[in-house]
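**Student:** Could you put together the complete structure from these sequences and hints?
Protein chains: 2
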Amino acid sequence: MSTSSELNDIEEGLALKPKFDAAGLVTCVATDAATSEVLMVAHMNEEALRRTIASGEAWYYSRSRNALWRKGETSGHVQRVVEMRIDCDQDAIWIRVEQSGAACHTGRRSCFYRKVEAGEGGARLSFVDAERLFDPKAVYCK
Amino acid sequence: MSTSSELNDIEEGLALKPKFDAAGLVTCVATDAATSEVLMVAHMNEEALRRTIASGEAWYYSRSRNALWRKGETSGHVQRVVEMRIDCDQDAIWIRVEQSGAACHTGRRSCFYRKVEAGEGGARLSFVDAERLFDPKAVYCK
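Residue numbers (this note's numbering), protein chains in the order written: chain A, 1 to 142; chain B, 1 to 142.
Certain hints may be false.
Put simply, identical chains are the same to the list, so a pair is met inside one copy or across any two.
Simulated crosslink set (SDA-like; lysine to any residue; CA at most 20 Å straight-line) [claimed, not checked]:
hint, residue 1, residue 2
1, K115, D32
2, K115, R132
3, K115, A130
4, K17, G119
5, K115, S36
6, K17, D91
7, K19, S62
8, K19, R63
9, K137, S100
10, K137, D89
11, K19, R124
12, K17, E117
13, K137, G101
14, K137, D9
15, K115, P18
16, K115, E11
17, K137, G72
18, K19, R51
19, K19, F127
20, K17, E47
21, K115, F127
22, K19, L7
No lab work stands behind these hints: they were computed from the structure.
**Tutor:** Here it is in structure tokens:
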């Protein structure tokens, strides 16, 4: 448990003290600086966060590949960071980015290309803003 | 590991198949439906997701309190869900909400009231959009 003074320091202080989870990660939300749409949700470890701040380009940590990852290193679809923010308890990062090409590995501009709606017999999905800007096979299977 | 057909189903299908993590949670980003700003990042378990879809109001799961939590149940600052989306691998939810009052327990409209910038000797934070809309002591310590 944090003391009240530590908590105040984290929530009201001006020192960057990211609260990494048990796997050493914080959540990062990337939004489009021009349209404000949410492009993706991913994770950063300490090194990814450090490199993002230092370079002004988004770096993440891939949980599936267990690897540090510069966004766009394969696809060329890099993210230039316009602004970075951190939340009250310092366990989530929000970056507003200039996205070149598309953020999603499926070829869509955003990873959030399906809407969830209540329906009879349970929730269902429908596509929205789901046009592909690139062909994933052509980009990732060279 | 998922087979290629399972993966295609998750990414391109219209069935809701949330990928809960080892703790039974998915990440949820809430943005302001009017201004598009990111209000908060939190988590939902299966029950919170079900209740959010059914009621049209945001429910979360608090990791610190180990409890299901209707946003605003103490503060009155509920979130009415205007649209819900899910991402490509179905492990993150994005809700656009009408936020009554403020989203952050510190009294700010958004939890992201500090900017992170590179500086000599390391990153530093500065307040931005950090006015308090309510006094947390008055709301939570009754």
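**Student:** Next, verify each hint and record whether it holds.
**Tutor:** Hints and how they fare:
1. K115 <-> D32: both (18 Å within a copy, 17 Å between copies)
2. K115 <-> R132: within (16 Å within a copy, 33 Å between copies)
3. K115 <-> A130: Answer is within: at 10 Å inside a copy they meet the 20 Å cutoff, but 31 Å across does not.
4. K17 <-> G119: So K17 and G119 pass the 20 Å test across copies only (15 Å; inside, 43 Å).
5. K115 <-> S36: both (17 Å within a copy, 17 Å between copies)
6. K17 <-> D91: Within one copy only: 9 Å inside a chain, 26 Å across chains, cut-off 20 Å.
7. K19 <-> S62: both (18 Å within a copy, 16 Å between copies)
8. K19 <-> R63: Result: close both inside a copy and across copies, 17 Å intra and 14 Å inter.
9. K137 <-> S100: This pair counts as within: shortest intra-copy Cα distance 18 Å, inter-copy 44 Å.
10. K137 <-> D89: between (40 Å within a copy, 17 Å between copies)
11. K19 <-> R124: between (35 Å within a copy, 15 Å between copies)
12. K17 <-> E117: Between copies, since 13 Å is at most 20 Å while 38 Å is not.
13. K137 <-> G101: within (15 Å within a copy, 46 Å between copies)
14. K137 <-> D9: between (48 Å within a copy, 17 Å between copies)
15. K115 <-> P18: between (32 Å within a copy, 13 Å between copies)
16. K115 <-> E11: between (33 Å within a copy, 13 Å between copies)
17. K137 <-> G72: This pair counts as within: shortest intra-copy Cα distance 15 Å, inter-copy 45 Å.
18. K19 <-> R51: Within one copy, since 17 Å is at most 20 Å while 29 Å is not.
19. K19 <-> F127: Only across copies: K19 and F127 sit 19 Å apart there, 35 Å inside one copy, limit 20 Å.
20. K17 <-> E47: Classified as within; 14 Å inside a copy, 32 Å across copies.
21. K115 <-> F127: Within one copy only: 6 Å inside, 34 Å across.
22. K19 <-> L7: within (12 Å within a copy, 31 Å between copies)
In terms of the numbered hints stated before, the structure departs from none.
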